[in-house]
Amino acid sequence: MGLAKRIIPCLDVTAGRVVKGVNFVNLVDAGDPVEIARRYDEQGADELTFLDITATSDDRDLILHIIEAVAAQVFIPLTVGGGVRAVEDVRRLLHAGADKVTINTAAVFNPQLVKNCSDRFGSQCIVVAIDAKQTVWGATPAWEIFTHGGRKPTGLDAVAWARKMQGLGAGEILLTSMDRDGAKIGFDLNLTRAISDTLTIPVIASGGVGNLQHLVDGVKLGGADAVLAASIFHFGEYTVEQAKKHMREQGIEVRL
Amino acid sequence: MPVLSEVADVAIIDYGMGNLLSVSKAFEHVAPQSKIIVTSDPAVIAAATRVVFPGVGAMPDCMRELKQRGLTEAVKQAAASKPFLGICLGMQALFVHSEEGDCAGLGLLSGKVRRFPAAAMRDEHGQKLKVPHIGWNQVHQTAMGAKPHPLWAGIEDGARFYFVHSYYAEPASQDVVAGFTRYPFAFTCAVAQDMLFAVQFHPEKSQAAGLRLLANFVTWDGLR
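Order-wise, the sequence lines are chains A and B. For the first sequence, my numbering assigns the number 1 to the initial residue and increments by one for each residue that follows. For the second sequence, my numbering assigns the number 1 to the initial residue and increments by one for each residue that follows.
Nothing false has been slipped in among the hints.
Derived lysine to aspartate or glutamate pairs resembling EDC-like cross-links, with alpha carbons at most 20 Å apart: (1) B:Lys128 / A:Glu253; (2) B:Lys76 / B:Glu65; (3) A:Lys115 / B:Glu100; (4) B:Lys25 / A:Glu68; (5) A:Lys115 / A:Glu88; (6) B:Lys128 / A:Asp197.
In case anyone wonders, no lab produced these hints; they're calculated from the structure.
Whenever a hint applies, use it, and build me the whole structure from the sequences.
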């Protein structure tokens, strides 16, 4: 027995509500963030991730209040991301009760931000989020990174980028397949395996979970250290506890 | 000399390193009647009934911040004189030396802090183990003398706690080891010496088991 594989429910938050979309668009209301966080904690979630998908800066402070409220009631690790552009953004989120902060778009435009943040706060709290899409560059399959919530291509190779982020002090990678996000057909296992094999830091697989076997595959075939899912939990299809029991039946060590 | 208006039941040391809000919220949750003060004032720390020394980040920054804020002596005195709980970096800093930045610690415990060695990070199936060690791992309590340490009361042996770290403490003496964890080898995740108790994991983030440990600390008289 040793370290358990983690199940991380993800809450996309905007205007103070949890929402869920398909391929980053068509958002549907999924409920109150504090209420949902408490429910997942009771079900045995190992960690919670909040992604602030608010498009405008006006509502930025809302996420701080949400994190403060959750941190006063839920005593498991909280990761927060979305719109993080500066060291000061990271400081404010950590101060509000976040344990880890994810940096996505800003890392592409300013990779030094990852180093500055990990030097200042420790690499254990800096998660670099990568949104990647399968592409064709030469003969081998490859994945290109997109920014701005998956809207802008960058021409960057996801595997090389992940290595670079590890070198700059990222403590963990949150890897989302944009091809799979919301499609409920399972993780992009080749992408997950390629990134996990090349890194020495943990990888959280994200994007595409439609059933419990997908979570198992992410760990066993993709080599993920943690699996992240949203819609299968938000709409009550499965509880986190059911997911863990299924993983344990398949021989994966979990916290139950 | 300022007059202390209130004496803290629990003083949480603020030296600019860490998730102080998470730690204080967790104490407020388990001890709603207690006076919990987050402080960087040596006088408040000296007057407190019990002291918590949290911390995340890097060891050289930790030692520098303690020094700059004039807290080094306050931490040492508290650790030697009253119920004292070190968490994560707050455990590592108690040792003589850390490999992280080749840095001297407070020297309250003999031993050193080492990085997980890349070459050893394989599980029994040959799978690569990642560093940082992030997530929920089992804490095996060690029998210290005739009975288990009071801070383990009501916590199952082998219960899972939340870890996030790349370095681990290696005490010079087995006598201070209160708990160990395997990743993949056994490393010390809890130490106890007199009224000092320190853990590598994060009780404030370890749900029921962690809250129980904090509740035990709040009522601990410092005796075995």
